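Asks: If you want the building blocks of each chain, they are given just below.
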Amino acid sequence: MPRGKKRAAPEVSSGSMADIAFLLLIFFLVTSTIANDKGITLLLPPKPDPNEPPPEVTKNDKNIFKILANSQDQLLVEDEPYKESMIELKREVKEFVLNFGNPGEEGIQVYNSLPSRMKAEINRFGRRTDSSDDPTECVISFKAARGTSYDLYIQVLDAINAAYNEIYAQRAGITVEEWLALDKDDDIQKDMYDRARSNVPRAISIAEPD
Amino acid sequence: MSKFKKSSNTQQDIPTAALPDIIFMLLFFFMVTTKMRETDIMVKQQLPKATQLTKIERKSLVSYIYIGEPKNTSLYGEEPKIQTNDVFVDPSEIVQFVSQEKDKLSEVERDQITMSMKVDIDVKMGIISDVQQELREANARKVLYSSSKRVDL
Numbered sequence: 000m001p002r003g004k005k006r007a008a009p010e011v012s013s014g015s016m017a018d019i020a021f022l023l024l025i026f027f028l029v030t031s032t033i034a035n036d037k038g039i040t041l042l043l044p045p046k047p048d049p050n051e052p053p054p055e056v057t058k059n060d061k062n063i064f065k066i067l068a069n070s071q072d073q074l075l076v077e078d079e080p081y082k083e084s085m086i087e088l089k090r091e092v093k094e095f096v097l098n099f100g101n102p103g104e105e106g107i108q109v110y111n112s113l114p115s116r117m118k119a120e121i122n123r124f125g126r127r128t129d130s131s132d133d134p135t136e137c138v139i140s141f142k143a144a145r146g147t148s149y150d151l152y153i154q155v156l157d158a159i160n161a162a163y164n165e166i167y168a169q170r171a172g173i174t175v176e177e178w179l180a181l182d183k184d185d186d187i188q189k190d191m192y193d194r195a196r197s198n199v200p201r202a203i204s205i206a207e208p209d
Numbered sequence: 000m001s002k003f004k005k006s007s008n009t010q011q012d013i014p015t016a017a018l019p020d021i022i023f024m025l026l027f028f029f030m031v032t033t034k035m036r037e038t039d040i041m042v043k044q045q046l047p048k049a050t051q052l053t054k055i056e057r058k059s060l061v062s063y064i065y066i067g068e069p070k071n072t073s074l075y076g077e078e079p080k081i082q083t084n085d086v087f088v089d090p091s092e093i094v095q096f097v098s099q100e101k102d103k104l105s106e107v108e109r110d111q112i113t114m115s116m117k118v119d120i121d122v123k124m125g126i127i128s129d130v131q132q133e134l135r136e137a138n139a140r141k142v143l144y145s146s147s148k149r150v151d152l
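Chain order of the listed sequences is A and B. The numbering of the first sequence is numbering that gives the first Met the number 0, which starts it at 0 and goes up by one. The numbering of the second sequence is numbering that gives the first Met the number 0, which starts it at 0 and goes up by one.
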């Protein structure tokens, strides 16, 4: 046994560690996609019960905002052909919901809970008696034909949602972006969300195509 | 002159010992923030653009339905098709797919299942409403129309 100088402990060179890590990094970069699942949510109606007759429409006709789309992607809004942009449609939906033509008890409560700037805006639109009674009553009905393009369907749905989100955001006193970014796990933000939405249901009815 | 010579003794190398750590940190970041592409999408997917987007709160509750014109038109034709997992299905098979997906979830979460519809913009509404009828039948009523962000409007 040689018993000379003590040999230095063998060392693993770590210089190539960075290269190995780089390889792994590049592998993950290539094989993965950043999850970006966002979209427009919608709650479908429950399936009809065969034992019960279909519910009768008790809503007053003036409380229903009708949007129809045909196979040529033409729109019929409130029984009139519609050629304006989606921004215009959003404005009309918003005016319709916030009409307060003949508010009921809950409607008056909603009106009183609105910030003063919104009240001023509503009064400027004028409260038309031939439009909706109050936000608790109105329904936005959207019916697309089988030949309508999916693109138009999403545009219209987006415009309706934009109108409602603007109402909620204004009611909560924040911008629409802030409204959409509200975190419902946080108690304070959840409370804000619930208060803004109370008694102003997002009533979007998607009718089956013929 | 000697004034300036003094500094030449200092070491010029940048220590690289911490480099692997930095790379590992990047690696972990990407491992955590990305998801593997599990299914091979066989239909065209150009998602529509919209402004009012909401994020999915819990990813585990989401199942995906892809609708669009098949990429391989010589084999499958040009009519839009529905893809779930790795296969094309008929609208009538959606109910079965939904119950399979529901079985993966625990009992309390089954009603909260969200169907994410990834639909190409060139598809017509007919096939989509067929799917929606089946989803109502299967009691999976939460639907998300997957779309990408548009800045104007």
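By construction, these hints were calculated from the structure, which means they are not laboratory data. One thing to keep in mind: the hints can contain errors.
Stated by the list, open to error - Below 25 Å or equal to it, Euclidean Cα-Cα: the simulated DSS-like pairs (lysine-lysine) are:
id, chain 1, residue 1, chain 2, residue 2
1, A, K46, B, K103
2, B, K123, A, K37
3, A, K189, B, K103
4, B, K123, A, K46
5, A, K142, B, K103
6, A, K61, A, K142
7, B, K123, A, K183
What the hints assert, rightly or not - Computed far set for chain B versus chain A, every beta-carbon distance over 12 Å:
id, residue
8, Q10
9, M24
10, E106
Bear in mind that the values here come from a model prediction, so they are computed numbers and not experimental data. Just so you know, even glycine gets a beta-carbon here, dropped at the ideal spot from N, CA and C.
Asks: Against each hint, give a clear statement of whether it holds in the structure.
Replies: Each hint, compared with the structure:
no. : hint               : verdict
1   : K46/A with K103/B  : holds, 23 Å
2   : K123/B with K37/A  : holds, 21 Å
3   : K189/A with K103/B : violated, 29 Å
4   : K123/B with K46/A  : holds, 23 Å
5   : K142/A with K103/B : violated, 34 Å
6   : K61/A with K142/A  : holds, 17 Å
7   : K123/B with K183/A : violated, 34 Å
8   : Q10                : holds, 18 Å
9   : M24                : violated, 9 Å
10  : E106               : holds, 20 Å
Going down the numbered hints, you'll see the structure goes against 3, 5, 7, 9, while the others check out.
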